[in-house]
Structure formats: C-alpha cells, structure tokens
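K.L.:
On the provided structure of chain A, position chain B as indicated by the hints.
In case you want the letters, here they are:
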Amino acid sequence: RKEVEQDPGPFNVPEGATVAFNCTYSNSASQSFFWYRQDCRKEPKLLMSVYSSGNEDGRFTAQLNRASQYISLLIRDSKLSDSATYLCVVTPFSGGYNKLIFGAGTRLAVHP
Amino acid sequence: ETGVTQSPTHLIKTRGQQVTLRCSSQSGHNTVSWYQQALGQGPQFIFQYYREEENGRGNFPPRFSGLQFPNYSSELNVNALELDDSALYLCASSLVPLQVRADTQYFGPGTRLTVL
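First to last, the sequence lines map onto chains A and B. Each residue of the first sequence is one higher than the one before, starting from 13 at the first, in this note's numbering. Each residue of the second sequence is one higher than the one before, starting from 393 at the first, in this note's numbering.
Here chain A stands alone, though its shape is the one from the complex (with noise of 0.2 Å):
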C-alpha cells in the first residue's frame, strides 16, 4: 500500500466550478501536512498547509481527518489558471529528520 494515496484524475471542469481532491495516508505518526501544486515540467510549489482545524486561503479550502487519516482540498470558482496538478504531502517523523512524502497527483484541467 502506498503511504500516500490520490486519485489521479484528470477532474475536467469548467470555468467556476468547484472540485475537491481527497488524499488518504497510511502512518498514523504523520505530523505536517499540505497541498502543493506543480505545473507541467516545473518543480511543486507549496500550496498551502493543512490543519486540523481546516484552513481557507481564498478559494482554497483544505481539510485533515487524523481520525480517517484523510485530508482534502477544495477549490471554488475554478479559473483557467488552476490547471495543474496537486500534491498531497505528508511528513511523518523519522527519528532526526523529515522528509516530504508525495502523493503521486491529481491532475485538473479547468476549460472554458
């Protein structure tokens, strides 16, 4: 099983819509967790991080189920510019270093 799971899409969406991502882990002991995003032959850019308590960033809504060890991402009002694909990452501790764990990705497509 892989300690990061995602479904890979592609979510092809209109222009305005609203689409949400879902990622589940395996490590219990995770300990951080974000979305980044990354774009076609470039390296990811962190998108925005994930509590528990659930954080917004515009039109960005991210989600964390420590429970389910599950964590989502909401995107509202889908621009054109949202095409890319989203990394769910996790860093469980290792004993003296973390590493960034990456889901392989879910691809969206916003069209006109």
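Calculated from the structure, these hints are not laboratory results. Worth double-checking, as some hints may not be accurate.
What the hints assert, rightly or not - FRET-style restraints, in silico, Cβ to Cβ:
1. D69/A with E445/B: 17 to 27 Å
2. H123/A with Q433/B: 24 to 34 Å
3. S93/A with Q433/B: 40 to 50 Å
4. D476/B with D69/A: 30 to 40 Å
5. G408/B with D89/A: 45 to 55 Å
6. R53/A with L508/B: 18 to 28 Å
As the list claims (entries may be wrong) - Calculated Cβ distances over 12 Å to all of chain A for the following chain B residues:
7. T412
8. G420
9. N447
10. N469
11. E474
12. D476
Think of the CB as a built atom: it goes at the ideal place given N, C-alpha and C, for glycine as much as any other residue.
P.N.:
Then chain B, alone, in the frame of chain A:
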C-alpha cells in the same frame, strides 16, 4: 523564484554511465534534500544533507550518493545508470532539517535526466 538553482537543466546519458547533478541552496539554508520524480509520479525522497553530512536516506540503492559542501551547495551522483533512472531530479533547501517546520522547504527547478 525560490533562490534554489540546479544544473544542468537537461541531461542525456546512456546506460552504465555516471552523472553528477548540482544544487545551490537558498542563501542561509544549511539543509538540502534530493528527490526523484518519475513521469506520472510524485517526487520520492532520495536523501538529505545537513551541515555536510547525510542526515537521512530513502529507499534508493548505494549507487545514488551525494555530497554537501561548506557553502551548503550539494551534488547528487548516480553511478551505473539504468533506464529507470530517467526522471526529474529535484533538490530542496531548508533552514533546518525539517524537524521544526516542514513547510519551509524550497524546491529548485529540477534537472531532467534521460537515460538511453
């Protein structure tokens, strides 16, 4: 721009050859992590260097090795290249070895390696 640079941008090698990839970390960052991203996959952690010593390693064979220099720049060396080594290699620098704040990790643009 994150201030993390990598060279070269692209590289083509043949099976069995050796390759060295370079990374300059953001000013003031003493920790560099390397990741391999195969096509259609998320990045996978190779190893991390902190103050010139390997600080942690993922599930990669010993032919993947690294160095960190006194100025905190880093190299990734891969010996005996295999076709499956074709990937985007990303380095990321951070101020601390991710024990404190895992979100302060900045990625470079990557080196795309093709092994023929």
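K.L.:
For every hint, state whether the structure bears it out.
P.N.:
Comparing the hints with the structure gives:
Our hint of 17 to 27 Å for D69/A and E445/B is violated, since their Cβ atoms are close to 36 Å apart. With their beta carbons about 25 Å apart, H123/A and Q433/B fall inside the hinted range of 24 to 34 Å. Under the hint 40 to 50 Å, the C-beta atoms of S93/A and Q433/B, about 24 Å apart, miss the expected range. Separation of D476/B from D69/A is about 37 Å and conforms to the stated range, judged on CB atoms against 30 to 40 Å.
Take G408/B and D89/A: their Cβ atoms lie about 52 Å apart, and the range 45 to 55 Å holds. Under the hint 18 to 28 Å, the C-beta atoms of R53/A and L508/B, about 19 Å apart, fit the expected range. The claim that T412/B is not at the interface with chain A holds, since no C-beta of that chain comes within 12 Å of its own (minimum 20 Å). With 12 Å as the threshold on Cβ separation, the claim that G420/B sits away from chain A holds: the shortest Cβ distance comes to roughly 18 Å.
A cut-off of 12 Å between C-beta atoms contradicts the statement that N447/B is not in contact with chain A; the least separation is 5 Å. No beta-carbon of chain A comes within 12 Å of the beta-carbon of N469/B; the shortest separation is about 20 Å. At the 12 Å boundary, the C-beta of E474/B stays outside the reach of chain A, the nearest C-beta of that chain being 21 Å off. For D476/B, the non-interface assignment is confirmed: its Cβ lies about 16 Å from the closest Cβ of chain A, beyond the 12 Å cut-off.
Violation of the numbered hints given earlier is confined to hints 1, 3, 9; the remaining hints are satisfied by the structure.
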